[in-house]
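From just these sequences and the hints, can you work out the full model?
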Amino acid sequence: MQNDPESPFELLDPPPGGVERIRSRMAAPEPVRGRLAVAGAGVAALAVLGALLAVVFNQRVGPDAGDNAIVASHELDRLLGRGAQPVPLTVERDGQPVQTEELPSADPRVRIYQVL
Amino acid sequence: MTRVDEASWVELYRVLEKPLYNVVYRWLWDRMESQDVVQEAFLRCWRARDRIRAEGFKAFVFRTALNLAANRRRRKKLWRLVSFDSLPEEPQDVSGTSSVVSPRIQRAIDELPDRLKRVLLLCELAGMSYGEVAAVTGVKEGTVGSRRNRALALLRERLQPQEVMADAERS
Chain A
1 MQNDPESPFE LLDPPPGGVE RIRSRMAAPE PVRGRLAVAG AGVAALAVLG
51 ALLAVVFNQR VGPDAGDNAI VASHELDRLL GRGAQPVPLT VERDGQPVQT
101 EELPSADPRV RIYQVL
Chain B
1 MTRVDEASWV ELYRVLEKPL YNVVYRWLWD RMESQDVVQE AFLRCWRARD
51 RIRAEGFKAF VFRTALNLAA NRRRRKKLWR LVSFDSLPEE PQDVSGTSSV
101 VSPRIQRAID ELPDRLKRVL LLCELAGMSY GEVAAVTGVK EGTVGSRRNR
151 ALALLRERLQ PQEVMADAER S
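So the protein sequences, as listed, match chains A and B.
Numbering (the numbering used here) for the first sequence: 1 to 116.
Numbering (the numbering used here) for the second sequence: 1 to 171.
Derived from the structure by calculation, the hints contain no laboratory data.
Some hints could be false.
[As the list claims (entries may be wrong)] Restricting the straight-line Cα-Cα distance to at most 20 Å, the calculated cross-link-like pairs of lysine to aspartate or glutamate (EDC-like) are: (1) B:Lys18 with A:Glu101; (2) B:Lys18 with A:Glu102; (3) B:Lys58 with B:Asp36; (4) B:Lys77 with B:Glu55; (5) B:Lys18 with A:Glu20; (6) B:Lys140 with B:Glu111; (7) B:Lys76 with B:Glu40; (8) B:Lys140 with B:Asp114.
[Said to hold, decoys possible] Partial selection, computed: residues in chain B whose CB lies under 8 Å from chain A: (9) Val15; (10) Leu43; (11) Arg47; (12) Asp50; (13) Arg53; (14) Asn67.
Since the model is a prediction, treat every value here as computed from it, not as a measurement.
The beta-carbon is built from N, C-alpha and C at its ideal position, and this holds for glycine as well.
Right, here's the structure in full:
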């Protein structure tokens with residue numbers, strides 16, 4: 001069956017020069033393509049990991065988290081018996097800053113401002 | 001437990017090139033590409049030579065070549081699909097050298113399921129025993145036998161009508 005040209009299993013000769021070619025390819029230094037691919041895959045994996053962490057981080061340290069941080073600091077002050085630190089007051093009306101003036105208060109825990 | 005030493009490597013290639021080439025050629029139907037796959041399979045084994053034992057070498061190189069050929073074929077099919085290429089469905093030898101296997105036979109082999117084709121080509125073209133084919137394909141020897149018989153029956157079935165028609169025309 002194998003010598004019949006119409007046989008599915010006729011043994012064909014490979015193109016010439018295969019032995020010389022494999023010998024020279026074996027002698028050549030190993031291409032860095034494989035190592036570069038591994039390095040590239042590593043970089044890509046790190047980038048994906050970074051992106052995921054950024055998403056998670058942004059979710060945790062969003063505006064709400066920031067507010068929580070401030071609340072926590074006041075809460076900490078309260079727990080430690082410290083007075084709240086004064087912060088500059090800013091007031092806006094229709095998107096425009098408005099001047100204020102602090103008025104005297106009989107209670108140190110209460111601050112009174114007058115909008116000018 | 002002997003390792004394949006470097007001095008034997010080219011000799012191994014010389015011995016295995018033809019059976020490997022014939023198996024891969026029935027996958028790709030392109031002479032130069034088939035030789036390229038055979039070389040690539042050998043080079044991969046060469047680079048992994050510290051981990052390959054002589055006993056397992058033949059199975060390893062055949063398995064590598066078959067996987068490379070199957071991947072290339074899959075890529076070509078995908079590319080044809082993506083590029084809406086109007087090339088015929090069946091691959092053809094376009095290497096400029098004579099296409100020695102008739103399109104009718106190409107089609108009949110291509111239509112075989114991959115698992116049957118692997119076994120059949122390894123048995124018939126690489127002259128492997130059932131045990132050797134089992135080592136390459138990872139199935140039991142009994143399965144190799146049944147797959148080979150099934151593949152031969154399918155091949156005969158697909159080639160027969162043409163022969164019957166040719167005989168009818170001759171008479």
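Evaluated hints:
1. B:Lys18 with A:Glu101: 97 Å, violated
2. B:Lys18 with A:Glu102: 97 Å, violated
3. B:Lys58 with B:Asp36: 18 Å, holds
4. B:Lys77 with B:Glu55: Violated, at roughly 35 Å.
5. B:Lys18 with A:Glu20: Since the Cα atoms of lysine 18 (chain B) and glutamate 20 (chain A) sit roughly 15 Å apart, the hinted pair holds (cutoff 20 Å).
6. B:Lys140 with B:Glu111: 24 Å, violated
7. B:Lys76 with B:Glu40: Answer holds: lysine 76 (chain B) to glutamate 40 (chain B) is near 18 Å, not above 20 Å.
8. B:Lys140 with B:Asp114: 17 Å, holds
9. Val15: 11 Å, violated
10. Leu43: 6 Å, holds
11. Arg47: 6 Å, holds
12. Asp50: This interface hint is violated because 13 Å lies over the 8 Å limit.
13. Arg53: Check failed: Cβ of arginine 53 (chain B) comes no nearer than 19 Å to chain A, outside 8 Å.
14. Asn67: Result: violated, 16 Å to nearest chain A Cβ.
Checked against the numbered hints given earlier, this structure breaks hints 1, 2, 4, 6, 9, 12, 13 and 14; the rest are met.
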